[in-house]
Structure formats: structure tokens, C-alpha cells
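Colleague: Here's the letter readout for the chains.
Number of protein chains: 2
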Amino acid sequence: MSAKAVVPLAAFLLLAPAALANQPAPPPDEPVAVDKGEASFYGDRFHGKKTASGEVFDKNAPTAASKDLPLGTKAEVTNLENGKSTEVTINDRGPYVDGRIIDLSEGSAKKVGITEENGVAPVVVEARPSDQPTEELKRKVEQEAKEPGNGK
Amino acid sequence: MSAKAVVPLAAFLLLAPAALANQPAPPPDEPVAVDKGEASFYGDRFHGKKTASGEVFDKNAPTAASKDLPLGTKAEVTNLENGKSTEVTINDRGPYVDGRIIDLSEGSAKKVGITEENGVAPVVVEARPSDQPTEELKRKVEQEAKEPGNGK
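Residue numbers (our numbering), protein chains in the order written: chain A, 1 to 152; chain B, 1 to 152.
Hints were generated in silico from the structure; no laboratory data involved. Just so you know, not all the hints are guaranteed correct.
Claimed, not checked - Below 20 Å or equal to it, Euclidean Cα-Cα: the simulated EDC-like pairs (lysine to aspartate or glutamate) are:
id, chain 1, residue 1, chain 2, residue 2
1, B, 36, A, 136
2, A, 67, A, 117
3, A, 146, B, 29
4, B, 36, A, 76
5, A, 36, B, 76
6, A, 111, B, 76
7, B, 138, B, 38
8, A, 110, B, 29
9, A, 67, A, 136
10, B, 36, A, 117
11, A, 74, A, 117
12, A, 36, B, 135
13, A, 146, B, 117
14, A, 36, B, 38
15, B, 74, B, 38
16, B, 146, A, 30
17, B, 138, B, 76
18, A, 49, A, 106
19, A, 146, A, 35
20, A, 110, B, 30
21, A, 36, B, 142
22, B, 111, A, 30
23, B, 110, A, 30
24, B, 36, A, 55
25, B, 146, A, 35
26, B, 36, A, 106
27, A, 59, A, 117
28, B, 36, A, 30
29, A, 36, B, 117
30, A, 36, B, 35
31, A, 36, B, 55
Quick caveat, the model's predicted, so the values are computed rather than measured.
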């Protein structure tokens with residue numbers, strides 16, 4: 001085989017799987033639990049204390065407190081002021097202020113551009129069954145997504 | 001140059017840009033207008049009639065009616081029952097039923113799994129300034145995203 005023949009063949013063989021691997025997988029057909037409201041900045045007053053899930057609160061970890069989502073849930077938080085998103089694990093209960101739906105650790109708040117100064121931002125919180133680490137959480141998030149309040 | 005040397009070089013030259021091209025661009029830092037509510041199926045009773053934007057309504061076109069979004073806006077609609085998304089252009093006003101935020105053409109409804117039979121589904125509608133086709137729409141969507149109702 002000449003070099004001229006080898007190049008297009010190599011290109012095809014190497015590009016085909018690469019193109020497939022880089023194509024984002026279509027999201028699975030599943031319900032999504034979505035909530036819209038305000039996110040607040042957790043602050044560091046709880047750093048080192050225990051959260052509702054029993055973990056020691058680490059202000060730099062990608063975690064958050066939610067009123068509704070089960071402990072352990074993985075959720076995506078998008079700041080509607082700037083479109084920035086981050087993934088958090090729910091490890092605490094709260095916030096207990098009207099209109100607030102999620103309290104972000106300092107680390108997570110920073111990722112979506114919320115600082116101690118601006119403090120609060122409108123967000124969308126999305127949880128998908130297929131992103132959950134356990135079968136139990138998959139089921140719970142599916143249930144949450146199917147509740148009549150979802151999408152209303 | 002031998003064939004053996006040509007193959008890795010060709011692979012590198014061809015794969016590097018391919019990998020870059022397939023990487024999803026990070027979304028720009030911009031506000032997002034998000035609404036959550038029910039989507040309904042437009043049906044074909046309007047097929048061939050004029051929409052609010054002056055276009056003739058085509059039930060197969062990727063269009064929708066919105067109460068709030070400016071005519072011409074491009075928006076992403078996600079069905080929360082199955083996670084399916086589609087892009088629509090707002091070309092009409094409506095729906096005028098409580099809790100309904102968007103009326104999808106038959107073509108768009110099908111793409112997110114809404115049929116004439118199930119008729120209604122909880123959805124999230126997102127509009128981003130950078131997706132808009134004109135400067136005026138970019139500005140209007142930005143304004144919509146910054147209104148106090150967004151994220152509340």
C-alpha cells in the first residue's frame with residue numbers, strides 16, 4: 001500500500017471513532033425534576049459543622065442545601081443572570097427563606113458567579129434520574145419529576 | 001517520508017482540529033430567560049392561516065406561540081416528562097389558558113413527545129440572547145431575562 005493510500009484510510013479509521021466519541025450522547029428519555037427560584041450563598045459559618053446528611057460541611061465542596069430534593073441527589077444549577085452552570089450534590093436541608101430554593105456552598109456559588117457580595121441570584125435547578133449515583137435516588141428523583149408541582 | 005511516519009502525523013493533524021470542533025463551546029456569559037409551565041399542542045386548526053407575526057401558519061414548521069417572548073425569538077423547549085428538547089421560533093401569541101406558557105406547532109410538539117392525544121406537558125422554555133437572529137431580539141431577550149419575574 002502506498003503512503004497516499006494509507007493516509008485517507010488512517011484518517012477515516014481514526015476520525016470515525018473520534019467523531020463518535022466527541023458527539024454528546026443524546027439525553028436519555030426520562031422525566032426531569034426542575035425548580036426555579038433564588039439561590040443563596042451558604043457562607044462559611046457552617047464550615048466544619050455537620051450537615052443533615054451527617055457529613056462535615058466543607059465550604060469548598062460542590063454541595064448544596066435543598067428543601068425538596070433527596071439527600072445525595074446530584075443536580076445542575078444554572079444562574080439565570082449569566083447562564084453559568086455547575087453540578088452539586090445535595091447534602092443538607094434548607095434554605096428556609098421564601099422564594100429561595102437552594103443554598104450553595106462557597107465553592108459551588110463561585111462557579112456560577114454568586115459571591116458573598118451579590119449573595120442571591122435567580123437559578124434553575126435540574127435533577128435527572130440517570131445522573132443519580134444509586135438506584136434509590138434514581139427512583140426518588142423520578143418520583144419528584146412526576147409530581148404535579150413539576151413544571152407548574 | 002515513510003508510510004509509518006505519515007500515519008501518526010496525518011492522524012495528529014486530522015484528529016486535533018476534529019477534537020476541537022467537536023468540543024461543545026462553553027455557553028457565553030449572558031442572562032437566560034427561563035419560564036416553567038405547561039405546553040400545549042397547537043393542532044392543525046390554524047394550518048394555512050396567518051399568525052401574529054404575519055406568517056402563514058405551517059403546522060410542520062418549528063414554531064410556537066408565547067405570551068411573553070418577543071415574536072421572532074428562538075427558544076429551547078424541554079418536556080419535563082421525558083427530557084426531550086427542541087428549538088422553536090416564536091411566531092404567534094398565546095396560549096390563553098391559565099398555567100400554559102407555550103403552544104407548540106404539531107412538528108415541534110412531536111419532537112418533544114407531545115401528541116394530540118396526551119396534548120399537554122410540563123415544560124421549561126429557555127431563551128438566550130446569543131441564540132437570537134437580530135440585535136433587536138438579543139436586546140429584548142436580555143431585557144426579558146433581567147426582569148424581576150425571571151427565576152422567581
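Colleague: Does each hint fit the structure? Answer for all of them.
Modeller: Going down the list of hints, with the structure as the test:
1. Taken as a hint, the residue 36 (chain B) and residue 136 (chain A) pair is broken in the structure, with Cα atoms around 27 Å apart against an allowance of 20 Å.
2. With a C-alpha separation of about 24 Å, the suggested pairing of residue 67 (chain A) with residue 117 (chain A) is violated against the 20 Å cut-off.
3. Of the supplied pair hints, the one linking residue 146 (chain A) and residue 29 (chain B) is violated, its CA atoms being roughly 32 Å apart against a limit of 20 Å.
4. Distance hint between residue 36 (chain B) and residue 76 (chain A) is fulfilled; the C-alpha atoms sit about 16 Å from each other, no more than 20 Å.
5. Note on residue 36 (chain A) and residue 76 (chain B): the hinted pairing holds, with a Cα-Cα distance of about 16 Å set against a maximum of 20 Å.
6. Between residue 111 (chain A) and residue 76 (chain B) the CA atoms are separated by roughly 24 Å; this puts the pair beyond 20 Å, and the hint is violated.
7. With a CA separation close to 25 Å, the supplied pair residue 138 (chain B) and residue 38 (chain B) exceeds the 20 Å bound.
8. At most 20 Å may separate the alpha-carbon atoms for a hinted pair to count; residue 110 (chain A) and residue 29 (chain B) meet this at roughly 14 Å.
9. In summary, the hint linking residue 67 (chain A) to residue 136 (chain A) is supported, as the alpha carbons are separated by about 18 Å, within the 20 Å threshold.
10. A C-alpha spacing of about 28 Å is found between residue 36 (chain B) and residue 117 (chain A), which places the hinted pair above 20 Å, so the restraint is violated.
11. Among the hinted pairs, residue 74 (chain A) with residue 117 (chain A) is inconsistent with the structure: their alpha-carbon atoms are about 26 Å apart, more than 20 Å.
12. At most 20 Å may separate the alpha-carbon atoms for a hinted pair to count; residue 36 (chain A) and residue 135 (chain B) exceed this at roughly 28 Å.
13. For the suggested pair residue 146 (chain A) and residue 117 (chain B), the alpha carbons sit about 19 Å apart, so the restraint of at most 20 Å is met.
14. Our distance criterion of 20 Å between C-alpha atoms is met by residue 36 (chain A) and residue 38 (chain B), whose separation comes to about 14 Å.
15. Only pairs whose Cα atoms come within 20 Å are accepted, and residue 74 (chain B) paired with residue 38 (chain B) is accepted, the gap being roughly 18 Å.
16. About 31 Å separates the Cα atoms of residue 146 (chain B) and residue 30 (chain A), which puts this hinted pair outside 20 Å; it is violated.
17. This hinted pair checks out: residue 138 (chain B) and residue 76 (chain B) have alpha carbons roughly 15 Å apart, not beyond 20 Å.
18. The straight-line distance between the Cα atoms of residue 49 (chain A) and residue 106 (chain A) is roughly 15 Å, inside the 20 Å bound, and the hint therefore holds.
19. As the CA atoms of residue 146 (chain A) and residue 35 (chain A) are separated by approximately 13 Å, the hinted pair is consistent with the 20 Å bound.
20. Distance restraint check for residue 110 (chain A) and residue 30 (chain B): the Cα-Cα separation of roughly 16 Å lies within the 20 Å cut-off, and the hinted pair is therefore satisfied.
21. Taking the CA atoms of residue 36 (chain A) and residue 142 (chain B), the gap is about 18 Å. The hint holds against a cut of 20 Å.
22. At most 20 Å may separate the alpha-carbon atoms for a hinted pair to count; residue 111 (chain B) and residue 30 (chain A) meet this at roughly 14 Å.
23. In summary, the hint linking residue 110 (chain B) to residue 30 (chain A) is supported, as the alpha carbons are separated by about 16 Å, within the 20 Å threshold.
24. Between residue 36 (chain B) and residue 55 (chain A) the CA atoms are separated by roughly 33 Å; this puts the pair beyond 20 Å, and the hint is violated.
25. The suggested pairing of residue 146 (chain B) with residue 35 (chain A) holds, with an alpha-carbon distance near 18 Å, which does not exceed 20 Å.
26. Distance restraint check for residue 36 (chain B) and residue 106 (chain A): the Cα-Cα separation of roughly 27 Å exceeds the 20 Å cut-off, and the hinted pair is therefore not satisfied.
27. The straight-line distance between the Cα atoms of residue 59 (chain A) and residue 117 (chain A) is roughly 16 Å, inside the 20 Å bound, and the hint therefore holds.
28. This hinted pair checks out: residue 36 (chain B) and residue 30 (chain A) have alpha carbons roughly 17 Å apart, not beyond 20 Å.
29. Taking the CA atoms of residue 36 (chain A) and residue 117 (chain B), the gap is about 28 Å. The hint is violated against a cut of 20 Å.
30. About 8 Å separates the Cα atoms of residue 36 (chain A) and residue 35 (chain B), which keeps this hinted pair within 20 Å; it holds.
31. Taken as a hint, the residue 36 (chain A) and residue 55 (chain B) pair is broken in the structure, with Cα atoms around 33 Å apart against an allowance of 20 Å.
The structure shown violates the earlier hints numbered 1, 2, 3, 6, 7, 10, 11, 12, 16, 24, 26, 29, 31.
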